[in-house]
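Colleague: Following the hints, complete the assembly by docking chain B onto the known chain A.
Protein chains: 2
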Amino acid sequence: MNEVMNQLSKKQLQEVKRQMDLYVQGVADIIPTEELELKVARSVLENRPLKIKLGLDPSAPDVHLGHTVVLKKLKQFQDNGHIIQLLIGDFTGKIGDPTGKSVARKPLTTEEVEHNAKTYFEQFGKVVDMEKVELHYNSTWLSKLSFEDVIQLAGKITVARLMERDDFEERIAWGKPISLHEFFYPLMQGYDSVVLACDIELGGTDQHFNVLMGRHFQEKLGKEKQVALLMPLLEGLDGTEKMSKSKKNYIGIDESPDDMYGKSMSIPDKLMDKYFELITDFTPEQIQQIANELDSGALHPRDAKMLLAKTIVRMYHGSEAAENAEQRFVRVFQQGELPEEMTEVEWKGVFKTSIVDLLVDLNLLKSKSEARRMIESRGVKINNEKVEDIKLEVVITDGLILQVGKRKMVKIKTL
Amino acid sequence: MNEVMNQLSKKQLQEVKRQMDLYVQGVADIIPTEELELKVARSVLENRPLKIKLGLDPSAPDVHLGHTVVLKKLKQFQDNGHIIQLLIGDFTGKIGDPTGKSVARKPLTTEEVEHNAKTYFEQFGKVVDMEKVELHYNSTWLSKLSFEDVIQLAGKITVARLMERDDFEERIAWGKPISLHEFFYPLMQGYDSVVLACDIELGGTDQHFNVLMGRHFQEKLGKEKQVALLMPLLEGLDGTEKMSKSKKNYIGIDESPDDMYGKSMSIPDKLMDKYFELITDFTPEQIQQIANELDSGALHPRDAKMLLAKTIVRMYHGSEAAENAEQRFVRVFQQGELPEEMTEVEWKGVFKTSIVDLLVDLNLLKSKSEARRMIESRGVKINNEKVEDIKLEVVITDGLILQVGKRKMVKIKTL
Chain A
1 MNEVMNQLSK
11 KQLQEVKRQM
21 DLYVQGVADI
31 IPTEELELKV
41 ARSVLENRPL
51 KIKLGLDPSA
61 PDVHLGHTVV
71 LKKLKQFQDN
81 GHIIQLLIGD
91 FTGKIGDPTG
101 KSVARKPLTT
111 EEVEHNAKTY
121 FEQFGKVVDM
131 EKVELHYNST
141 WLSKLSFEDV
151 IQLAGKITVA
161 RLMERDDFEE
171 RIAWGKPISL
181 HEFFYPLMQG
191 YDSVVLACDI
201 ELGGTDQHFN
211 VLMGRHFQEK
221 LGKEKQVALL
231 MPLLEGLDGT
241 EKMSKSKKNY
251 IGIDESPDDM
261 YGKSMSIPDK
271 LMDKYFELIT
281 DFTPEQIQQI
291 ANELDSGALH
301 PRDAKMLLAK
311 TIVRMYHGSE
321 AAENAEQRFV
331 RVFQQGELPE
341 EMTEVEWKGV
351 FKTSIVDLLV
361 DLNLLKSKSE
371 ARRMIESRGV
381 KINNEKVEDI
391 KLEVVITDGL
401 ILQVGKRKMV
411 KIKTL
Chain B
1 MNEVMNQLSK
11 KQLQEVKRQM
21 DLYVQGVADI
31 IPTEELELKV
41 ARSVLENRPL
51 KIKLGLDPSA
61 PDVHLGHTVV
71 LKKLKQFQDN
81 GHIIQLLIGD
91 FTGKIGDPTG
101 KSVARKPLTT
111 EEVEHNAKTY
121 FEQFGKVVDM
131 EKVELHYNST
141 WLSKLSFEDV
151 IQLAGKITVA
161 RLMERDDFEE
171 RIAWGKPISL
181 HEFFYPLMQG
191 YDSVVLACDI
201 ELGGTDQHFN
211 VLMGRHFQEK
221 LGKEKQVALL
231 MPLLEGLDGT
241 EKMSKSKKNY
251 IGIDESPDDM
261 YGKSMSIPDK
271 LMDKYFELIT
281 DFTPEQIQQI
291 ANELDSGALH
301 PRDAKMLLAK
311 TIVRMYHGSE
321 AAENAEQRFV
331 RVFQQGELPE
341 EMTEVEWKGV
351 FKTSIVDLLV
361 DLNLLKSKSE
371 ARRMIESRGV
381 KINNEKVEDI
391 KLEVVITDGL
401 ILQVGKRKMV
411 KIKTL
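As they're listed, the protein sequences go chains A and B.
Count the first sequence with full-length UniProt numbering and you get residues 1 to 415, in order.
Count the second sequence with full-length UniProt numbering and you get residues 1 to 415, in order.
In case anyone wonders, no lab produced these hints; they're calculated from the structure.
Just so you know, these numbers come straight off a predicted model, no measurement behind them.
Hints should not be assumed to be uniformly reliable.
Chain copies aren't distinguished; within one or between two, either way the pair holds.
Below, a list of computed lysine-lysine pairs in the DSBU-like style, where the Cα atoms sit at most 35 Å apart [what the hints assert, rightly or not]: (1) K144 - K72; (2) K352 - K413; (3) K406 - K386; (4) K248 - K156; (5) K225 - K126; (6) K106 - K220; (7) K406 - K391; (8) K144 - K156; (9) K156 - K51; (10) K144 - K118; (11) K144 - K413; (12) K51 - K132; (13) K176 - K220; (14) K225 - K386; (15) K386 - K270; (16) K10 - K348; (17) K144 - K176; (18) K391 - K106; (19) K17 - K413; (20) K51 - K242; (21) K144 - K94; (22) K408 - K270; (23) K223 - K352.
Chain A extracted, bound-state conformation (with noise of 0.2 Å):
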């Protein structure tokens, strides 16, 4: 460490500073901060790019903002010239599910792939820079490792340690079964980073173990080890889970900008410092301000998530767009006969119900029939979402918005 600091010129000791101050800001945990900052040093001594690797599950192409927390790291390794390794993890995707209990897990085709990688890299494109990309698919290399190779790479690592990712541990602990193949995906990205001989993986907290295994089977097979950077998970909508397609509490980086205008301003008061500081292209010291003036009282915080609803349509489909959606907002829910805050109903009923009888017992409309109508006109939404089945049954969930017509908006509150 010291001995590469010490060929350093005081002007490349700022540059590493500089990028390091970079690279920490947001970050969950990086796995060691001591050889990251030895990387980026010998990339300044050397003139020599970094290889950041973030891998992909093909299967779920849809990009959300808990996508971007990555991507926007990411990029910022990018504006510094170091070079970004999408790893489209295609080789499992293709294989499905070998136990075959899961009808949902069906391989995936190669064009199925393709198809969702351009998906993935469309939108990406809005974050980064696409052209400078590195392109990889993991099947490239373990379609074509032999029986021998996967038990050389398997006595590597002990069955203890597998068991250690908190899922098994959980699974195990519950008595519900792990097939052997499962055992084999820490493996197999383990050795991806082998293969792209990274530098840096990317990845959420939940992906801490996984992550991990690069840095295991590197050093086991002689290379040198990359360094874990994890972010943090953003949680969606509902304030409590990781955002998430399945949870249906995401704002998707495809959506129209009233849609991602009207959803971001359904965040929880709580989380917008968070989505300020890892979604937005705010600098720190943007961030800072705004948490002051909040504290001050100098700034409402329904004013702060209009400018965060701003400023998430801004980043993906410009000014004029942004500038378009405060306003139709600002027109349907605080110039209209609402309240400027949206109605907070409070909830202490059943967990889950039929949205009939929820827009009954809610007084958003007067007689199940009137209901029933109301969705046959499509003139009700659930978090923004229209509703289109007469039968749906809705899981009540703390922050849970309701509207019917272009006026009636409630926010749900569990007790």
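Modeller: This is chain B only, laid out in the frame that chain A set:
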């Protein structure tokens, strides 16, 4: 089951019964007996031979009496027209130890594997007709498996099921590491049975888990399940541990008539019945008669053991050699100055000591220098093996036999 049985003529039913009576002789476990009976019945009905698999480790080709327990069983099947499939597990032998920890487990070359296999077969030829045996090397198919094939296979077994194997369970309990590749060994053994489409797999009771893997994978891959036929393990000359080369408690089937006879005479009395049953060509009726005569006192245990020793030598060297070995043994040990039974000395000293100290401590020789001279002139034997190293450290085990010159012979009883 009944369907098949109903189609059999009376004569065929008798034939099924005759074969079954033979196959269950001396067996420790059959999983499950009904399926074995069904397979035999179908074989008789359709005049189609069964396939009986025996797996062999190519790294230790010295065959001893312990091996003949399964070989004798194989011969019964062969004598009734069934096919023996000898499976050389060369695939793992050629890989060596992927953890890199065991220097001893060097990868075997193809030449070594073939040489070892040949050594096996030459010795097996003393029990079964090698002309009629099918030979298979599992590298033929295992080396062709791709990573995807391995994943598909691994998806058919759970981690929990693998951890049930006794030695894994024990190592987990003791916190000793298990490398992931070790989980593949039972998987391979199971897959070998799928490829060989065998009806029965033979093994010692210590192979219980591995042999059941064959049933497991055949079933998971939609094939007819093999029957597991498990033979008891033969204790070695120490009377407690399984006969094995590493324990030095074995009688090799390639040993000289004199060594074979002498070692056989050191078998503990309590194991005589088992040896008669498992490794001689005596019928159950003959064995019962010997047991009865021993019980009534009509047969002296020493004479029974001489019959056993002579039988073993006869089986591997012929009647004349057996007669001669017996005469030489009688001349040296029974008509000489030594007591009829070997002197037993009690030992409560250290667990391990040098051969020189041991000879003096046991009063077999008067001084250390005398002891050294006797070893150098190759006049000292441990368990009938000449001591060649003057610095040999001897691990004292119960039943260890020390011989000095032609006359002095003691057996150690540890306290």
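Colleague: Going back to the hint list, which numbers does this structure go against?
Modeller: Violated: hints 11, 14, 16, 19, 23.
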